[in-house]
Amino acid sequence: MRFMMMKGYESAAPDTVPSAEAVAKMTEYNKALQRAGVLLALDGLFPPSTGARISYTDGKATVTDGPFAEAKEVIGAYWIIQVRSREEAIEWAKRAPMSDNEVIEVRQIHEMPDFPEDVQKAPEGFERRNAAVK
Amino acid sequence: MRDVHKTIEAVWKIESTRLIAAIARVTRDIGVAEELAQDALVTALELWPEEGVPENPGAWLMKAAKRRAIDSLRRGHMLAQKHEEIARELEWQQHRLADALERSMDQVIDDDILRLIFTACHPILPVEARIALTLRLIGGLTTAEIARAFFVPEKTMGQRIFRAKKTLSEAHVPFETPCGDELHRRMESVLLVVYLIFNEGYTATSGEEWTRTAICDDALRLGRMLAQLLPGESEVHALLALMELQASRAAARRGRNGEAVLLSDQDRSLWDLAQIQRGVTALEHARRLGGGAKHYALQAAIAACHMRARTAEETEWERIVLLYDALMQISQSPLVALNRAVAVGEAQGPAAGLDALDAAARLAGDSVLAGYHLFPSVRGDLLMKLGRFTEASEEIQRAITMTKNLREQELLTERLKKIEKAALSA
Chain A
1 MRFMMMKGYE SAAPDTVPSA EAVAKMTEYN KALQRAGVLL ALDGLFPPST GARISYTDGK
61 ATVTDGPFAE AKEVIGAYWI IQVRSREEAI EWAKRAPMSD NEVIEVRQIH EMPDFPEDVQ
121 KAPEGFERRN AAVK
Chain B
135 MRDVHKTIEA VWKIESTRLI AAIARVTRDI GVAEELAQDA LVTALELWPE EGVPENPGAW
195 LMKAAKRRAI DSLRRGHMLA QKHEEIAREL EWQQHRLADA LERSMDQVID DDILRLIFTA
255 CHPILPVEAR IALTLRLIGG LTTAEIARAF FVPEKTMGQR IFRAKKTLSE AHVPFETPCG
315 DELHRRMESV LLVVYLIFNE GYTATSGEEW TRTAICDDAL RLGRMLAQLL PGESEVHALL
375 ALMELQASRA AARRGRNGEA VLLSDQDRSL WDLAQIQRGV TALEHARRLG GGAKHYALQA
435 AIAACHMRAR TAEETEWERI VLLYDALMQI SQSPLVALNR AVAVGEAQGP AAGLDALDAA
495 ARLAGDSVLA GYHLFPSVRG DLLMKLGRFT EASEEIQRAI TMTKNLREQE LLTERLKKIE
555 KAALSA
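Residue numbers (the numbering used here), protein chains in the order written: chain A, 1 to 134; chain B, 135 to 560.
Some hints could be false.
Using 25 Å as the maximum straight-line C-alpha spacing, the simulated SDA-like pairs for lysine to any residue come out as follows [as the list claims (entries may be wrong)]:
| hint | chain 1 | residue 1 | chain 2 | residue 2 |
| --- | --- | --- | --- | --- |
| 1 | B | Lys140 | A | Ala96 |
| 2 | A | Lys94 | B | Trp182 |
| 3 | B | Lys551 | A | Val17 |
| 4 | B | Lys140 | A | Arg107 |
| 5 | A | Lys31 | B | Lys538 |
| 6 | B | Lys538 | B | Leu520 |
| 7 | B | Lys140 | A | Val17 |
| 8 | A | Lys94 | B | Ala198 |
| 9 | B | Lys538 | B | Glu448 |
| 10 | B | Lys140 | A | Met4 |
| 11 | B | Lys538 | A | Val17 |
| 12 | A | Lys31 | A | Val17 |
| 13 | A | Lys94 | B | Lys538 |
| 14 | B | Lys140 | A | Leu33 |
| 15 | A | Lys94 | B | Leu397 |
It should be emphasised that the hints constitute simulated quantities derived from the structure, not laboratory data.
This one's a predicted model, so the numbers in the text were calculated from it and none came from an experiment.
Here chain A stands alone, though its shape is the one from the complex (with noise of 0.2 Å):
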């Protein structure tokens, strides 16, 4: 099964950059999860203050930029691990390298057998193959 680790903090300066120490530490984790294996992939997305935020009403949607006043939490980066039980996920959170201000939640990634057979059929002719296959 896969699982989404999120990465999220409350609060950074928004051009805050990552002292060396602590991405030398990180890194080390990140080998670790390859080392076992586990890893899918992983990314680090650009703090909020560059995003954008689009929400919907009635079926129109309204675009705000960042930064965003009344997030309290942010993602900040995720992993995507494939391991053998929900238990596992969670301890492989547990070794990850985070200061205090910082949390990870860990999501299982659903797979299309997971899903009721109506919702199953839905997608049909939805092509998810594309240029990815040279």
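With chain A's structure known, arrange chain B on it following the hints.
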């Protein structure tokens, strides 16, 4: 809502490989190392539900294993024969062992894990024992989990693992990574073991399920580990590519009611794009390392050929035949020849396919493969395409009696009906 036993299982899955590798570096015997690690696990199972999971469970387990190692040394059970030079003074030994274990855990290096893998996959062991040991020592699976995966009673699996460890110990198999030519010979065994584990999940040989994802995932995990440990070996990346590409079709291989769906009938929108991409990347990596024409790379290239086709009709069968020809140059395997016959049938028509299949059957001779259900199953298909319906249905009926997999039986029965229908309207 969190069950401490499940947490311990998860900790074990994460820590056990390093733990066993670290102890084995000192004891030079993976059987002893595994027992000590197991003892530590048992202690954890007793204490953690009461005291909670410790801050650093890996270090905790190592400490517990160390305590057990010293205890058993005190009783003189361990190391006595293996390391006569240190069997002089008990006190000194204990210190030395404790220090060595301490240092070892602090610096488990990839080499230790590699040694563990090479030892578990040692050709001295029967293949099924290699598979069991690999899943146990490197995959972090419990004996019960392995037994379930292979539909074997837990007791049988336990004995298989016990015997394997005994064999390694009695043969004084050194705890080391082979080098030179030996490395490549031994690597073949490692790759074979991983691929067999994958196939056990991908084409369940018996039972009701068509694929068992968990065991496929375990093989993929082992494959990714190997790619990290042996980054310069093209075939390691090629095997990973092959497994990723095959596994990417998992969701499409099963119909709404769990029935098997063949490649040509699959809803290709269900193929996992991210996984295909990982497979393609791994294959490119193998090619860059100069291994494009090797065994697993060719198989992965064939899989990639299928993945590139947007519909079954767009499959480049001619190209696939060429890849199979190259594969036949490497190994005159009846299985490869069988698959080649399918490709020839598609590329050049059923009559040419039948000729190729005859050649494959000749290769199989009276080996166990002669009893492989895909031989009559493919023959039945080709005969049907040639309009020879009576012979076709005989072949399919023969195939049905030759497989134990219920899903596969259903699939064949379905095909039998089609042939009968076609025969009626002919």
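**Asked** Between Lys538 of chain B and Leu520 of chain B, is the straight-line Cα distance small enough, at 25 Å or below?
**Response** Since the Cα atoms of Lys538 of chain B and Leu520 of chain B sit roughly 28 Å apart, the hinted pair is violated (cutoff 25 Å).
**Message:** Tell me if the straight-line CA distance from Lys94 of chain A to Leu397 of chain B falls inside 25 Å.
**Reply:** violated (41 Å)
**Request:** Verify the proposed pairing of Lys140 of chain B with Val17 of chain A, using a straight-line Cα cut of 25 Å.
**Result:** violated (38 Å)
**Asked** Does Ala96 of chain A lie within 25 Å of Lys140 of chain B when you go C-alpha to C-alpha?
**Response** Holds: Lys140 of chain B and Ala96 of chain A sit about 20 Å apart, inside 25 Å.
**Prompt:** If you draw a straight line from the CA of Lys94 of chain A to the CA of Ala198 of chain B, is it 25 Å or shorter?
**Reply:** Given that 25 Å is the threshold and the Cα spacing comes to 21 Å, the pair holds.
**Message:** Tell me if the straight-line CA distance from Lys538 of chain B to Glu448 of chain B falls inside 25 Å.
**Reply:** violated (33 Å)
**Prompt:** Can the restraint linking Lys551 of chain B and Val17 of chain A be considered satisfied, given a maximum Cα separation of 25 Å?
**Reply:** Between Lys551 of chain B and Val17 of chain A the Cα gap is close to 67 Å, so the pair fails against 25 Å, i.e. violated.
**Request:** Compare the distance between the alpha carbons of Lys31 of chain A and Val17 of chain A with 25 Å, and conclude whether the hinted pair is satisfied.
**Result:** holds (21 Å)
**Message:** Lys31 of chain A and Lys538 of chain B were given as a pair; does the straight-line alpha-carbon distance stay at or below 25 Å?
**Reply:** violated (42 Å)
**Request:** Decide if the proposed pair is consistent with the structure: Lys140 of chain B and Arg107 of chain A, CA atoms, cutoff 25 Å inclusive.
**Result:** holds (17 Å)
**Message:** Tell me if the straight-line CA distance from Lys140 of chain B to Met4 of chain A falls inside 25 Å.
**Reply:** Between Lys140 of chain B and Met4 of chain A the Cα gap is close to 19 Å, so the pair holds against 25 Å.
**Request:** Starting from Lys140 of chain B, check that the Cα of Leu33 of chain A is at most 25 Å away, please.
**Result:** It holds: about 20 Å lies between the C-alpha atoms, which stays within 25 Å.
Checked against the numbered hints given earlier, this structure breaks hints 3, 5, 6, 7, 9, 11, 13, 15; the rest are met.
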